[in-house]
Amino acid sequence: MLVPQTKNIGLPLMNLMRFKGLPILQQLHIEEQLLRTSSENWCIVNDGTNDPTVVMGVLGKPAELLEIESVLDDQVPVIRRFTGGGTVIVDHGTVFVTFICNKEAVPNLQPYPRPIMSWSSSLYSKVFQGIGDFHLRENDYVFGNHKFGGNAQSITKNRWIHHTSFLWDFNVQNMSYLKHPKRAPAYRSARSHLDFICRMKDYMPRSTFMDKTVEATETQFSLRPIQLEAIRTCLEAEFCPSSRFLTNEELEAAAVALQS
Amino acid sequence: MLCRRILLKKVWNNGRRWLLPSSSLSPVPTTADYKRHFSTHIMAAFSLPQNNQFTLKIPYMENRCKFSSNAVADLHTNGIVDVPLAQTGEGIAECELLKWFIQEGDEVEEFQPLCEVQSDKATIEITSRYKGRVAQVLHVPGNIVKVGETLLKMAVEDTQVPLVTLSNLENEKQPDTKSNKDFTGGVLSTPAVRNLAKEHGININDVQGSGKDGRVLKEDVLKYATQEGIIKDPLVTATATADLGQLFHREKSSLLESAQVSGHYEDTIVPLRGFQRTMVKTMSMAAKVPHFHYVEEIDCDALAELKASFQTNNLEPGLKFTFLPVLIKSLSMALSKYPMVNSCFNEESVEVILRGSHNIGIAMATPNGLVVPNIKNVQSLSILEITKELSRLQQLSLDNKLSPADISGGTITLSNIGAIGGKFGAPIVNLPEVAIIAMGRIQKLPRVADDGDVYSASIMTVNIGADHRVLDGAIVARFCNEWKRFIEKPELLMLHMK
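Each protein sequence line maps, in turn, to chains R and Z. So the first sequence is residues 1 to 260, counted in UniProt numbering. So the second sequence is residues 1 to 498, counted in UniProt numbering.
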């Protein structure tokens with residue numbers, strides 16, 4: 001239909017891919033490949049992932065961040081992703097939203113962590129307008145002073161990625177796999193996990209959140225829905241993504257190193 | 001002369017100011033002194049009354065933070081430079097080095113990624129500011145590197161030194177007011193101002209700075225030069241030009257100004273961003289539409305009388321009457337008779353949607369580019385209501401507060417280019433509309449009456465640009481005749497008064 005599309009003339013184009021239950025490693029692989037090999041803007045929304053998985057930042061040290069014994073005993077998969085940032089445990093209750101943009105996609109946006117974080121938080125401010133005292137606190141999305149969304153980024157020569165994992169819901173037991181991190185934001189004030197985080201489901205229905213996020217994105221971009229199948233052939237077979245599972249051996253070695 | 005228009009959507013902006021030329025059809029008054037400065041501002045292209053050229057060479061620069069202010073200090077005499085960790089943005093004190101993309105001995109191009117670091121939540125690629133060879137790598141992955149600390153040493157050719165200075169100049173063109181300090185020489189000023197001082201044989205350290213932190217501004221140099229008798233006629237200072245466009249930092253105008261003064265005619269690369277970039281896209285799309293243009297002259301004597309009458313009998317102070325509202329209302333009358341001209345074309349389904357409302361867009365020139373807010377439902381508005389709405393939209397443009405609703409949903413566009421100058425233009429349709437009308441300046445021209453006598457008439461030339469896939473010459477000609485009738489005989493509008 002001409003009219004709704006043409007009202008967006010002048011907005012940069014952004015491809016929108018929506019998934020449900022896509023495995024997080026696959027999502028990370030797609031994201032990294034799009035960041036490094038595509039020249040278009042992308043928005044990825046993944047409504048939950050399959051199995052509970054620990055996802056660490058690129059420099060995450062398992063010994064410091066995880067209760068390795070429990071992780072090994074329960075065979076919880078651990079991924080080291082290609083972006084910076086902290087550690088999360090994700091499952092079907094996590095909603096992922098990712099923006100991959102060219103440096104000029106957002107007018108006047110400086111391609112550095114803080115400005116990008118500020119831009120994304122203003123986008124989500126529209127989503128959570130009037131709900132739960134939403135704001136960006138240091139690098140996290142919070143309601144009040146409870147975190148419900150964690151962010152990570154990677155900035156390359158001409159592009160950047162900003163991805164967020166939103167705790168729409170979480171399993172209390174899963175949180176026990178994570179240690180209290182050494183590097184924590186000041187506002188955490190030494191609170192335990194459960195006192196520090198909160199669930200988005202107490203504030204907004206899941207589908208409402210995703211729809212509103214897409215709507216808010218549409219005010220700045222002309223969104224074009226794309227199916228993964230449509231781009232599979234374009235995704236280069238030669239690309240080697242860096243996000244990967246840590247092997248049991250690596251985790252065991254980390255546990256041993258910790259004890260010694 | 002080409003007339004340009006832009007369909008502006010809400011863009012991310014940091015409170016930039018837009019200014020609007022007077023909406024009346026008379027040219028913007030300027031003094032000869034302003035002329036020299038105008039080439040440096042967007043407004044320049046619009047404000048030169050004698051020059052009908054649209055240059056649109058706007059020195060709009062993205063903040064290129066590829067070079068730090070330490071660049072000059074980095075250079076050692078033997079051609080080896082220290083490359084510090086930079087490009088991480090504000091507030092980041094240190095990063096952990098993740099990996100190198102290069103190794104010692106590698107040849108590296110300017111802007112080639114050197115390494116990846118992590119700070120907090122972000123991994124960041126650090127690119128090279130020089131072309132050269134990696135002489136020595138000073139950190140290994142896992143090291144914590146403070147911002148500003150040397151990452152590696154590079155062997156660069158001496159000829160790159162002027163490049164480094166040029167990069168400082170490039171830095172100066174940003175609208176970012178924070179980082180434009182040049183610390184060498186003890187006195188704060190930009191390279192452009194230093195050039196100007198040098199040009200006049202003035203030692204910049206002798207000049208009293210009136211800017212922030214005592215920095216020496218262009219007008220300080222000029223004032224000093226006048227006082228010392230070095231120059232006779234001081235140029236109009238940047239404060240005058242600042243009245244016209246606060247968008248650009250003063251130093252930017254002095255940069256280009258002094259470039260001309262000192263004879264440094266160098267190429268400037270201007271990446272198109274924001275509205276300009278949008279214009280590239282919209283124009284490219286509009287260029288695919290087969291246009292034809294229809295030109296007509298309209299006698300505006302009756303219109304001038306009407307405007308005078310409105311003004312004399314104006315009961316509302318603060319309300320200014322111009323020609324536009326009557327032109328807009330009569331346009332709507334003509335559209336009622338020829339609805340095809342007020343339509344959108346759907347290429348895919350090969351359908352024309354005859355729009356019910358007459359949402360007439362008025363092109364407005366701002367320092368940022370053209371913006372086209374529209375007046376909704378003109379068919380249901382009186383001329384007085386149109387006047388007020390127009391004034392409201394103009395004020396919002398001035399305050400940079402136009403909402404997305406104000407600038408979307410237009411069905412036809414009027415470009416009052418005559419307010420700036422020109423006889424007529426060849427406008428390009430504002431998609432998805434099918435027609436656009438450029439109105440030239442009203443000029444007093446001699447006409448020949450039926451009895452052979454020559455008389456003077458106020459003539460406005462209009463050029464209607466139309467999408468030839470939807471409209472043909474006959475429809476546009478008849479539509480224009482109808483519109484012209486209402487303008488030349490505005491009393492006919494009363495026939496349709498309800």
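What the hints contain is simulated information worked out from the structure, not anything from laboratory work. Certain hints may be false.
Claimed, not checked - Calculated cross-link-like contacts (lysine-lysine; reagent style DSSO-like; alpha-carbon spacing at most 30 Å): (1) Z:Lys-146 to R:Lys-61; (2) Z:Lys-99 to R:Lys-126; (3) R:Lys-182 to Z:Lys-281; (4) Z:Lys-146 to R:Lys-212; (5) R:Lys-157 to Z:Lys-401; (6) Z:Lys-99 to R:Lys-157; (7) Z:Lys-281 to R:Lys-103.
task = Go through the numbered hints given earlier and state which of them the structure violates, listing their numbers in rising order.
result = Those not satisfied are hints 2, 3, 4, 5.
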